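**Student:** Each chain is listed here by its residues.
There are 2 protein chains.
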Amino acid sequence: MVQKRFKRETCSLFHVKQTACDFFNVSRETKENTMIYFDNAATTYPKPEVVYRAMDKCMREYCANPGRSGHKLSVEAGRIVLETRELMAQLFNARKPDNIIFSLNATDALNTAIKGMINKGDHVITTSMEHNSVLRPLKQLESLGIETTIVQCSETGELDTTKLEKAVKSNTKLIVTTHASNVTGTIMPIKEIGELARQYNLRYVIDTAQTAGTYKIDVSELNVDVLTFTGHKGLMGPQGVGGFYIKDGVALRQMREGGTGSMSESLLQPELLPDKYESGTPNTPGIAGLAAGLGFIKEVGIENIKKHEEEITGYFLEKLAEIEDIIIYGPCKLENHAPVVSFNIINKTSSEVSFLLDNNFDIATRPGLHCAPLAHKTIGTIEQGAVRFSFGYYNTKDEIDVAVKALKSIVKEECC
Amino acid sequence: MVQKRFKRETCSLFHVKQTACDFFNVSRETKENTMIYFDNAATTYPKPEVVYRAMDKCMREYCANPGRSGHKLSVEAGRIVLETRELMAQLFNARKPDNIIFSLNATDALNTAIKGMINKGDHVITTSMEHNSVLRPLKQLESLGIETTIVQCSETGELDTTKLEKAVKSNTKLIVTTHASNVTGTIMPIKEIGELARQYNLRYVIDTAQTAGTYKIDVSELNVDVLTFTGHKGLMGPQGVGGFYIKDGVALRQMREGGTGSMSESLLQPELLPDKYESGTPNTPGIAGLAAGLGFIKEVGIENIKKHEEEITGYFLEKLAEIEDIIIYGPCKLENHAPVVSFNIINKTSSEVSFLLDNNFDIATRPGLHCAPLAHKTIGTIEQGAVRFSFGYYNTKDEIDVAVKALKSIVKEECC
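In order, the protein sequences belong to chains U and Y. End of the first sequence = 422 in my numbering, gap-free, step of one. End of the second sequence = 422 in my numbering, gap-free, step of one.
Just so you know, the hints here were simulated from the structure itself, not pulled from any lab data. Hints are all accurate, no fakes.
DSSO-like, lysine-lysine: derived pairs with alpha carbons at most 27 Å apart: (1) Y:Lys304 / U:Lys63; (2) U:Lys121 / U:Lys175; (3) Y:Lys282 / Y:Lys145; (4) Y:Lys63 / U:Lys304.
Since the model is a prediction, treat every value here as computed from it, not as a measurement.
Turn these sequences into a full structure, and let the hints guide you.
**Tutor:** Okay, here's the thing in structure tokens:
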């Protein structure tokens, strides 16, 4: 494996000899009270207090069936669903709340977006940095006569759009990419890809699992047909709610049919939005929690959230680069870097490092392949996996300092 | 429309002249503090206190990604998911927790169960009492070359299994029925249907949305291949969690692929259960709430819950039969009657009656078609819809008395 080291600005290979390694001496009792959570790319934690309260209030006070029965509790449940739809539409600058569809999670949304748009014989282009929520549906579709091209990204996870353009064929129907890699944090050039899609009259699906709530995403400035999101990461809501924005007029088959509370006399699925894609009782308490998360984001300001997480990420990358025997993956420029950092300690498995961080230092991180095997092949970590630190609004530089000390201790094997 | 009246035991048409109709005189203030909720077939409300607490505890204390990262919070989140799977398996007497799959809701589960099992050219048999969560997927499949037969039930919603047997053809692959109608409460003979399915080597899917948590359901005593459930009704959990039991060895395609936290190096969806059907981050707080609901059911005893709800249902049917100008739908025998009662007041739309109950008496019920149009055709209410009272564990006979007074007042038009 190529040994890569990160350095701000130049990104050249370099090696910093560690001059001092303090043993990270914290008693078990203290640690248990100061758990550090760096697994925000999986699920942000903790949530704003308003999220807990909104969910509990919904459950206790009005959690009847939204949009069905018509009594006061049902109307109140319907109101929170509509309010959340409006907040999501505002966040993405969508024209109407009805362009926002709620589902189980981003994977559910991506399956609808991909499978609902293409037909046998169609060709789909994606990248080597995608999550299995994109790759596995595409692989499944290959067995049904869909053709796919996976454009190889650089070893920092970056996409050369000229490669993507070269992959366009006469039967290409769809491009699907993430907005930011969940492994390296690499930001994809979604505006440029959207322009390419427009130029070649292709559909474009963007997965914002790692960016929504932290990065400003304006669908009116992007050429995007479907933009999928999840509620439990940057949007600060709970697990169990994801969904997508769909552009007006985009033909997309629904993945499931059922009761929608509308046109109940018909055995045909309604065509109106959002009902076409929202069959069955929705997750009202989850949606209420998401509304509170979105309210929190509005209050703090998405620019402030991004600024804070970018600072934390930059600070960690700087400190990490000072530790010996560390290999850092991902883009060189901080502006291309979502708050997700993957690295390894030479001669240690990622699992071992994450285990020690958790067990000995109460620092929660994620090792392994992060459900994105081709991303790991791209950065050269398919065997070792990588330790992933992913940051959220509640992380602090002090926590980074603690983690860096812990990593130094692990490198020196003083801790274990 | 045929005017039907309900009488216990005989179920003959009869007419009871109301001898006294007290005006239901409750001040607004009092009513607001004594809302009566009779919409439990849509979503049970309220939930046991333990459900609220379990969800809040999950959100506040350990809601990381289950089965992914390996740190303590992730392990704790994984533990509650497994514990809930075990409780569900116990409830249905399934052999292994891995036979229990979690999804968004019963509709999501039914779409997987139906679409994942049949192929072009197959024939499916269902009944005229099904919800749109069964009928709409089947209608959609018709356009893809699937044949369906809808067996007509009686005007009380009851199924004659000989009619079902007559519908079996050489290409019949699947029978799908509800366990109990969400309109009339009519219980289907699922044991007999299962035996027929076995006899003809057909698959059988049962929808338990209206029965799980109230009726003892033992999959070892039924010939059932997939049994779908929802968490937010009789199971006393929150909205946002449904799922299914799948019998060992049943071939069923998944509806979505994605990250499962397992076999991450592979682009192919894992075949192992439950991962094959559970892509993406699950609704951990919802599942934690469901676990608490299941714990509550165990503590109270499912027989006691059934007994209570049956008593309430019987009491309401008796009292309802005493009101003039009421048409009651559904089965005659209480043992064939889930705690769901539909009726109409002659010359009033169901919407008007439910509106008055809600607005003037703070009694939450559901009017209209209840997402089951063929059931309404079967009982003769496709134009008028029906007022549905559906009972839960927290309903009382006192509430029934209040509601009956309110109905009398509406019949006499003294209230509006």
